[in-house]
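Residues per chain are reported as follows:
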Amino acid sequence: MMEAVEHPLLKYLRAAMIPHIWCSGCGNGIILNAFVHALDELQIDLNKLVVVSGIGCIGRAAGYINADSFHTTHGRPIAFATGVKLAKPELEVVVISGDGDLFAIGGNHFIHAARRNIGIKVICANNFNYGMTGGQVGPTTPLEALTTTTPYGNIEHPFNLVHLAAASGATYVARWTTLHVRMLTASIKKLLQRKGFSFIEVVSPCPEIYGRHNKMRTGLEMMEWFREASVIANFSDPAKAEITPEKIVVGEFVDIEKPTYEQLLYEKMAKLMKEESE
Amino acid sequence: MPERLWRTPLDVEKISRPKAEIYILKDQCKGCGFCIHYCPKKVLEESDEINARGVHPPRVVDEKNCVLCSFCTAVCPDFAIFVKEKQCKDGC
Ligand SMILES: Cc1ncc(C[n+]2csc(CCOP(=O)(O)OP(=O)(O)O)c2C)c(N)n1
Ligand code: SF4
Ligand code: SF4
Ligand code: SF4
Ligand SMILES: [Mg+2]
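Going down the list, the sequences are from chains A and B. So for the first sequence, my numbering puts the first residue at 1; every next one is plus one. So for the second sequence, my numbering puts the first residue at 279; every next one is plus one.
These aren't lab readings, by the way, just hints derived from the structure by calculation. Certain hints may be false.
Calculated pairs, SDA-like style, for lysine to any residue (alpha carbon to alpha carbon, straight line, at most 25 Å) [claimed, not checked]:
| # | chain 1 | residue 1 | chain 2 | residue 2 |
| --- | --- | --- | --- | --- |
| 1 | A | Lys11 | B | Lys304 |
| 2 | B | Lys304 | A | Asp40 |
| 3 | B | Lys362 | A | Glu6 |
| 4 | B | Lys362 | B | Val345 |
| 5 | B | Lys342 | B | Ile293 |
Nothing here was measured: the structure is a model prediction, and the numbers come from that model.
My request is simple: use the sequences and hints to build the entire structure.
Take a look at the structure:
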């Protein structure tokens, strides 16, 4: 056993910001790890990568990655990312944000970016609650789950994010848990190589807040839930891929191609300019 | 494995198993235990020592059992552990 050497992936991170602020056993670190693993395996040019996140615990991710990154206002990372992508379509633009940020306050940005097939890539850390603000109920909190704002059990039906993404028109849709690090990394590599709107939901432990209220006090207990409940069902019907205490359906659900918004936009502009000059 | 398929590989003498070098950045560890729990070969265990963050970082039980799968590296949320293949030029 050795010590005092540099982690091989440190070059993809802003060294001065590491160690990160996330709690012990928080899945956000695993998502960051899988993301930089994918960057490394694809040898992605960090000068061509833009990472955008919103507000929340996972929102810190953008700041930890050693690329141009934006930590935007709550719910708006997709709007920022859309602007970057349309101005500079040659850049790879990735949004990493939370279930609350992307699907509560930012829900409309998500469905319309997917519908328009804007070529941005979205990774959602779904930890079933608003971690940063103390654990309020959110749009993915399972029925009957306890949160600080549902002390008697949640009575709101949760979004099924992969179904929502597929129905909105996303060209690549996958869901993994933070225990499926290998599949997750492979999926992130796919996401980075695709042209159209692509989405990965990562079911992620928030032991400090969500787990504490739901009898899973440690990251390990939450990961054990994922291990026991996960069922891999690639290309199964996303409508049936719900998340319950007994079952978490994971896998790839959509992998299709269609013209992107920026491609159609630039083609249209070129055509109109040509007509005008004639 | 069915018995009839089993035989000792002919080149078993010549092939050496890659050896691992496990690096633990002790003070970066937050003690989640993922690496220890999910190592398929039970190479790691919780140590008695308390690091700068007040938790017990992992320690290596037996490096020889490591199969270099790197799962510990991939699952660590805190970039506190990684594995490299030992360069055995001079024998090890
Ligand atoms: C406009 C606005 N409304 C509300 C907030 C408060 N706020 C900060 S983070 C957050 C929710 C974060 O939840 P999520 O996106 O799931 O991220 P997590 O912390 O769980 O990783 C809220 C409501 C804010 N910062 N700005
Ligand atoms: S509160 Fe939850 S999501 Fe936020 S850093 Fe802690 S464990 Fe992670
Ligand atoms: S590389 Fe694999 S076998 Fe070796 S310590 Fe890590 S998890 Fe265990
Ligand atoms: S996975 Fe990382 S943070 Fe967790 S116990 Fe192992 S070395 Fe420490
Ligand atoms: Mg959340």
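Now for the hints, and whether the structure bears them out:
1. Between Lys11/A and Lys304/B the CA atoms are separated by roughly 19 Å; this keeps the pair inside 25 Å, and the hint holds.
2. Restraint check for Lys304/B and Asp40/A: the C-alpha separation of about 24 Å stays at or below 25 Å, so the hint holds.
3. For the suggested pair Lys362/B and Glu6/A, the alpha carbons sit about 12 Å apart, so the restraint of at most 25 Å is met.
4. With a C-alpha separation of about 11 Å, the suggested pair Lys362/B and Val345/B falls inside the 25 Å cut-off, and the hint holds.
5. For the given pair, Lys342/B sits about 16 Å from Ile293/B by alpha-carbon distance, which is consistent with the 25 Å threshold.
Checked against the numbered hints given earlier, this structure breaks none of them.
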